[in-house]
Amino acid sequence: MQKKNGNTNSLDRKFRLSEFLSEYIIKTVAFSSFAIIILIFVFVFKEAAPIFFPKEKKAETSQFLQSETYGEEPGTEQPENSLELYSSYTPSHDVASFKNLTGKNWQPVGEEPKYGVLPLIIGSLKVTVLAILFGAPIAILAAIFSALFAPKGLREIIKPIIELLASFPSVVIGFFALVTLATVLQNIFGYSYRLNAFVGGLAMALAVIPIVYTVTEDALTAIPKYMSEASLALGATKWQTALFVVMPAATPGIFAALLLGFGRAFGETMIVLMATGNAPLSTFNIFEPVRTMSATIGAEMAEVVFGDTHYTVLFFIGASLFVVTFAINAIAEFYVRTKLMKRFRGE
Amino acid sequence: MRMDLQTEIIVENLNLYYGKKKALNNVSLSIPENKVTALIGPSGCGKSTFLRTLNRMNDLIEGVKIEGTVLFDDRNIYDNSVDVVELRKRIGMIFQKSNPFPKSIYENVAFGPKINGVSNKSQLDEIVEQSLIRSALWDEVKDDLNKSGLALSGGQQQRLCIARALAVNPEVLLMDEPASALDPISTTKIEDLIYELKKKYTIIIVTHNMQQAARVSDFTAFFYMGDLIEFTDTRKMFTAPDLKQTEDYIRGRFG
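Those sequence lines, one after another, are chains A and B. Residue numbers for the first sequence follow this note's numbering, beginning at 1 and rising by one. Residue numbers for the second sequence follow this note's numbering, beginning at 1 and rising by one.
One or more hints might be untrue.
Unchecked claim - Computed spacing ranges between beta-carbons, pair by pair:
hint, chain 1, residue 1, chain 2, residue 2, range
1, A, THR338, B, ASP59, 56 to 62 Å
2, A, PHE284, B, LYS147, 28 to 34 Å
3, B, ASN15, A, VAL171, 57 to 63 Å
Stated by the list, open to error - Among the chain B residues that face chain A by a calculated CB cut under 7 Å, a handful are:
hint, residue
4, SER30
5, GLU62
6, VAL85
7, MET93
8, PHE101
9, PRO102
10, ILE115
Note that these hints are calculated values from the structure, not bench results. Please read all numbers here as calculations on a predicted model, not as lab measurements. Here a beta-carbon is modelled for each residue, glycine too, at the ideal position from N, C-alpha and C.
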């Protein structure tokens, strides 16, 4: 052992540049993606904020914007009068209060804009529920088959193929629904509107199936093999084992799969924009056109006046979508993490 | 072997392959009724594999090929006409790792009768109570049958698994090292239980523990490298085995 001061000892801490750099680069990348999500979150809510805090200033801004856009156009008669006209109704009608938002009509452009988001919420729910109703049974049964019944070789073919469906761009699914599915379904069922919630829901099921399938499949294969062996050794058939032993043990995982599918369908834009007809109707008839929250943002955001009430309401809808999908994903995560694990610890 | 014994299972020229690897080599063996037969041998000798051929649990493993016959109730259980589900009802199995379902104690025991179509509540209650009594667990759990089976101790879980197997009223019980993961007190309880159970059931037990084989079994089969080396009366096996190889193993010289 060297004991003299000043001498280097092999146990002295060394500075390793590559280690230092790689650690900090990874850290920076990880935190920046985290920061981006937070910033988007903040931005969406900030833009939607005027709905919660309606101010006098807001009305002035829109008046100013409108006067700039329309009032000073050459050839317009009596600009001052039209300005007065705007300012006279703007505070009473063109303010997005909660009262305004809960209306049954969505007519954001017009003499008297109406910002009732109810038909949009109904539209989103209709398409989402239909997508889950069509997609979930198929996905869950396929997962049961590939996890519990299929021979290994077959499983290795089925699983990647269904998961491949998840990588389909939604515009392709939407296009397929718009061009082919809608016509076929109308010929079969003979309803009057070619594009409607039913077509949208069915097309959306194609987007939901791979998610529900994958998560369910994982939940089922995570059930230890000794569990199904115990059941088979008692003289249970394969199907009884799947239904009464494996499925109950995997329920939290299957529930999480459904939630994730719901979240996917709720936030999906392109498929519904193309396949549902986009009429904001407050009806529960599945064969009538609908407009979803996401499709509304997709269709209208590009044409809206920056900073005005319509713009704010669209951001409010966006924030609501954000909250719903975030909550659903969080619940799903919670379920898989805690409930599924608890079952095997005997709590 | 004494002639007054009834045979429960007759195994003839059994060969088993995992893919290309041969795991059992021409095994022939007659298992006597209402006796405990112990299967001993070093790890990987094929004793657990042999046990699992008796209720066709090896069917679940891909790439397993089986030749030869296993006669049970005058039928070759590997014949195409035999229903595996019915076979497993009559030949129950207890695993090395206790594997109760994540359900209540009651539901664990009632599972077998339920899938066999027993739905009458009082009849189920009766079966559950009788099975738990026979597996010597009743006194410990009778007040909280609704508790999760997984909340029991290791030894209790294993007895719960035995109760679950008894509830379908099998004729044969296959036990794959049932006490290897348990503490000595729990092991004693399981051994006492085996002693009680053999009055009604034929028991075949795989064990790593020589003393356990000597204590609980009437007959012992010694396996080595997929061969059945010697099969005889347990007392004779542990005092004066016919073969030197058996003696060496029992004395702990290898394995």
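Right, here's what the structure says about each hint:
{"no.": "1", "hint": "A:THR338 with B:ASP59: 56 to 62 Å", "in the structure": "36 Å, violated"}
{"no.": "2", "hint": "A:PHE284 with B:LYS147: 28 to 34 Å", "in the structure": "45 Å, violated"}
{"no.": "3", "hint": "B:ASN15 with A:VAL171: 57 to 63 Å", "in the structure": "59 Å, holds"}
{"no.": "4", "hint": "SER30", "in the structure": "23 Å, violated"}
{"no.": "5", "hint": "GLU62", "in the structure": "6 Å, holds"}
{"no.": "6", "hint": "VAL85", "in the structure": "5 Å, holds"}
{"no.": "7", "hint": "MET93", "in the structure": "4 Å, holds"}
{"no.": "8", "hint": "PHE101", "in the structure": "6 Å, holds"}
{"no.": "9", "hint": "PRO102", "in the structure": "4 Å, holds"}
{"no.": "10", "hint": "ILE115", "in the structure": "5 Å, holds"}
Hints 1, 2 and 4, counting from the list given before, are not met by this structure.
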